[in-house]
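Student: These protein sequences, in sequence, are chains A and B. Numbered per our numbering, the first sequence spans residues 1 to 217. Numbered per our numbering, the second sequence spans residues 1 to 217.
Note that these hints are calculated values from the structure, not bench results. It is possible that part of the hints are untrue.
Since the list gives no way to pick one copy over another, a pair counts as held whenever it fits inside one copy or between any two copies.
As the list claims (entries may be wrong) - Pairs of lysine to aspartate or glutamate residues, derived as EDC-like cross-links and limited to a Cα-Cα distance of at most 20 Å, are as follows: (1) Lys102 <-> Asp158; (2) Lys29 <-> Asp133; (3) Lys122 <-> Glu161; (4) Lys62 <-> Asp76; (5) Lys62 <-> Glu211; (6) Lys137 <-> Glu151.
Listed below are the residues making up each chain.
Protein chains: 2
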Amino acid sequence: MREEFQADLDEISRLLVTMAEAVRAAMRKATTALLTADLKAAEAVIERDVEVDAIYGQVETKVADTIARQAPVAGDLRMVITALHISADLERMGDLAEHVAKTAQRRHPSPAVPAELRPVFKEMSEVADQMADRIAKLLATPDAEKAAKLEHADDEMDNLERRLFQVLLDDDWPYGAETAIDGALLGRFYERYADHAVNVGEQLVYLITGEPVTGLS
Amino acid sequence: MREEFQADLDEISRLLVTMAEAVRAAMRKATTALLTADLKAAEAVIERDVEVDAIYGQVETKVADTIARQAPVAGDLRMVITALHISADLERMGDLAEHVAKTAQRRHPSPAVPAELRPVFKEMSEVADQMADRIAKLLATPDAEKAAKLEHADDEMDNLERRLFQVLLDDDWPYGAETAIDGALLGRFYERYADHAVNVGEQLVYLITGEPVTGLS
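Extracted from the complex, chain A is given alone in its bound form (with noise of 0.2 Å):
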């Protein structure tokens, strides 16, 4: 029984991985889409937000299973729980990843983001791409301390959105209110995405420590 739930939970946690890879390959294909015009690499980002919610489904539907096969108690019960929420956060940043790439497209063959904010939303995606990768390394091999770390990557997030929106509120601002609204929504897109993979990393914490985290704001 104790071994059969291992195996459950070894691939719960194989799906969360795989589930991670992705929205972190999402991401930073967007971002492509994004910086460089490329329409095809928008639409590969968005056909391809269906294999993330499909195995969203795959997490939900093998967490029930277990659970009512091994009726799982205290920490078990904890566990199979947290992947849940886990996978609820990846599923969001798959997502978000898909918003950029539709403003990408929407705006095509123009560039959505003008050259001076370019720099800026980089930098957003190295964040992002940082925190993804770290998220599904946590996945594969949890740790608390790492995990918690994610909070100063998301500080850094934070610091970048500040900045994105000094060059937009600038009164020298020189191309509109579409373009600023556009510049608006990405950044936060990019914020949002952060936030999920910081309450993924609080979920671990959580389930590593039984601590919870104040994540809720």
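Once you've looked at the hints, dock chain B against the given chain A.
Tutor: Okay, now just chain B, sitting in the frame of chain A:
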């Protein structure tokens, strides 16, 4: 055992209704704060979001406790897991009301929304309010047909968001980038609030009929 399980479900259900009523009240008050530059209303919404988060925690605890004690399977298990998803959506709706309130607070004593945008935000808030009201009633008395109708209200919200963007992107928009960005983000908060309400409806349909609604975008 069966009676105990039913009592557990009833309690979970009551918690969800309380949560739905709280996030409905939060968005009403946040809208007042927004449209009348009412700082006290904004602060009240921001302060009270912890209450929504606390009920969310109670749902989680109650669900884990129910699974551990009753070891539900099949439809019973599905029911309690669905409650988790619903509470996560409601928690997020509370956050979105808080975001609206924070925008009002940040711009105080100026109004965050110029006079010509107030009608569209008023309509958006009315649609949001009707959706939250319907959710609270459906959580108390589930009804698949009525739950599915939340989609229509959401279409209305999407139309309103389009109308909002037409004003923001008009060549004659006189208020500059900052107010346009605030308007776009605020529109997104209402639209996301409605999306989460639709998710709750889809979860309820799934709960009642066992048929998943393709809710993942």
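Student: Hints the structure violates: just list their numbers, smallest first.
Tutor: none
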